[in-house]
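Chemist: Heads up: the sequence lines are chains C and H, in that order. Using this note's numbering, you'd call the opening residue of the first sequence number 1 and step up by one each time. Using this note's numbering, you'd call the opening residue of the second sequence number 1001 and step up by one each time.
To be clear, the hints were calculated from the coordinates, so they are not data collected in a lab. Among the clues, some could well be false.
As the list claims (entries may be wrong) - Okay, derived cross-link-like pairs now, SDA-like style, lysine to any residue, Cα gap no bigger than 25 Å in a straight line: (1) H:K1057 / C:T99; (2) C:K5 / H:S1086; (3) H:K1009 / H:R1026; (4) C:K71 / C:I18; (5) H:K1009 / H:L1030; (6) H:K1057 / C:S52; (7) C:K5 / H:A1056.
Stated by the list, open to error - Per label pair, the in silico range of CB-to-CB distance: (8) H:S1027 / C:A111: 31 to 39 Å; (9) C:E15 / H:N1051: 27 to 35 Å; (10) H:L1112 / C:S28: 35 to 43 Å; (11) C:G60 / H:K1057: 32 to 40 Å; (12) H:L1112 / C:L109: 44 to 52 Å.
Ideal Cβ positions, reconstructed from N, Cα and C, are used throughout, including at glycine.
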Amino acid sequence: DQQVKQNSPSLSVQEGRISILNCDYTNSMFDYFLWYKKYPAEGPTFLISISSIKDKNEDGRFTVFLNKSAKHLSLHIVPSQPGDSAVYFCAASGYGGATNKLIFGTGTLLAVQP
Amino acid sequence: DSGVTQTPKHLITATGQRVTLRCSPRSGDLSVYWYQQSLDQGLQFLIQYYNGEERAKGNILERFSAQQFPDLHSELNLSSLELGDSALYFCASSEQGLVQETQYFGPGTRLLVL
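Can you make the complete structure from the sequences, with help from the hints?
Modeler: Shown next, in the form of structure tokens:
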């Protein structure tokens, strides 16, 4: 049972335009959400996070939006740059417990065309 | 560079064999996590350790075991290997293993079982 879903395996965007990556989750106990970026032959790198008490968090070109009622979050990258081309993983954690284990989606491959 | 190191980078072995994957966390981090990424799958949480003690367990097979040593490095042991165990295995670390701490990932070990 996939608790975190990224339904778009890939996305292609022109340089300078906005990239929007989407993620849905099913477990209402999740209270913390993260985006990781992964280049080939490297481990995932933390990008941005959001707590369930917020609906938006911004860090430079990256903004994450959380819609708790829809159990949906999205990552906006603007403007997109060729160096942003990577696989983006959405992840969730929390459960209100003591563990910090992450539940990941299957990833979206973003290609930013020059 | 996340500061998390994993060895070996690549491992090729045969079915039925046993292998050990090694991880050194970032300096100062007490908690270590193991994740498995199979083909077309997101990262699946296997197990978490904090300061030598197991803290959380995911869908880790009984053929797999892990431990964290007094110097905080961790090893993941995979035995009676099957073709389906071929995957990327990532180690991550965080300071205290608490909820909402950022996890820093190593570059991974690619395991191929023939």
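Chemist: For each hint, tell me whether it holds in the structure or not.
Modeler: Consistency of the hints with the structure:
1. Between K1057 (chain H) and T99 (chain C) the alpha-carbon distance is near 9 Å, which keeps this suggested pair within the 25 Å criterion.
2. At most 25 Å may separate the alpha-carbon atoms for a hinted pair to count; K5 (chain C) and S1086 (chain H) meet this at roughly 23 Å.
3. Taking the CA atoms of K1009 (chain H) and R1026 (chain H), the gap is near 17 Å; set against the 25 Å cutoff, the hint holds.
4. Of the supplied pair hints, the one linking K71 (chain C) and I18 (chain C) holds, its CA atoms being roughly 22 Å apart against a limit of 25 Å.
5. Under the criterion of a C-alpha separation no larger than 25 Å, the hint pairing K1009 (chain H) with L1030 (chain H) is consistent with the structure, at around 23 Å.
6. For the suggested pair K1057 (chain H) and S52 (chain C), the alpha carbons sit about 24 Å apart, so the restraint of at most 25 Å is met.
7. The straight-line distance between the Cα atoms of K5 (chain C) and A1056 (chain H) is roughly 22 Å, inside the 25 Å bound, and the hint therefore holds.
8. Remark: the range hint 31 to 39 Å for S1027 (chain H) to A111 (chain C) is upheld by a beta-carbon distance near 35 Å.
9. For E15 (chain C) paired with N1051 (chain H), a C-beta distance near 46 Å fails the hint of 27 to 35 Å.
10. Between L1112 (chain H) and S28 (chain C) the Cβ separation comes to about 39 Å, which falls inside the hinted range of 35 to 43 Å.
11. Against the hinted window of 32 to 40 Å, the Cβ-Cβ separation of G60 (chain C) and K1057 (chain H) comes to about 36 Å, which satisfies the hint.
12. A beta carbon spacing of about 22 Å between L1112 (chain H) and L109 (chain C) contradicts the range 44 to 52 Å that was offered as a hint.
In this structure, the hints that do not hold are numbers 9 and 12, in rising order.
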